[in-house]
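Residue numbers (our numbering): 339 to 427.
Hints may be right or wrong, so weigh each one.
Said to hold, decoys possible - Computed beta-carbon distance windows for the label pairs:
1) Thr400 with Arg366: 34 to 40 angstroms
2) Ala346 with Asp373: 30 to 36 angstroms
3) Ala404 with Phe383: 17 to 23 angstroms
4) Glu418 with Glu351: 27 to 33 angstroms
5) Phe383 with Leu405: 35 to 41 angstroms
6) Ser401 with Arg377: 21 to 27 angstroms
7) Gly378 with Trp348: 29 to 35 angstroms
By construction, these hints were calculated from the structure, which means they are not laboratory data.
Quantities reported herein were computed from a predicted structural model and do not represent experimental measurements.
For each residue, glycine too, the CB sits at the ideal point set by N, CA and C.
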Amino acid sequence: LHIHVKDARWLTEENRAEYRWPGEGQGRVPDILKDAMTRGYQGAFSIEPHMVAVFHEPGKTTSEDALKKNYIEYGKVLREMVEDGTRQA
339 LHIHVKDARW LTEENRAEYR WPGEGQGRVP DILKDAMTRG YQGAFSIEPH
389 MVAVFHEPGK TTSEDALKKN YIEYGKVLRE MVEDGTRQA
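Between the sequences and the hints, there should be enough to build the whole structure, so can you do that?
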């Protein structure tokens, strides 16, 4: 069991998603985390930033270093959200 975290906001005029840091999109990530923690969730989290690259979209490439940096930073942002209050909710 795990919570899969990915956040985005929909750009209607462009008919596409703009992927964002956890809590900065329309995915209600803080609400979901708070609810899960309130209910005693102690499982794992997985992340899928999509901010630097979307692997299932052909033709998009980026450096391995950029991908690594994005995943690390995304994980840090999520960890801070969890540590800064959602577990105490």
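Now the hints, each set against the structure:
1. For Thr400 paired with Arg366, a C-beta distance near 28 angstroms fails the hint of 34 to 40 angstroms.
2. Taken as a hint, the range 30 to 36 angstroms is violated for the pair Ala346 and Asp373, whose Cβ atoms sit roughly 20 angstroms apart.
3. One distance hint, 17 to 23 angstroms for the beta-carbon pair Ala404 and Phe383, holds here, with the actual separation near 22 angstroms.
4. Checked against the given bound of 27 to 33 angstroms, the beta carbons of Glu418 and Glu351, roughly 32 angstroms apart, stay inside it.
5. With their beta carbons about 18 angstroms apart, Phe383 and Leu405 fall outside the hinted range of 35 to 41 angstroms.
6. Taking 21 to 27 angstroms as the suggested C-beta distance range, the pair Ser401 and Arg377 does not conform, at roughly 40 angstroms.
7. At roughly 32 angstroms, the beta-carbon separation of Gly378 and Trp348 lies within the given 29 to 35 angstroms, and the hint holds.
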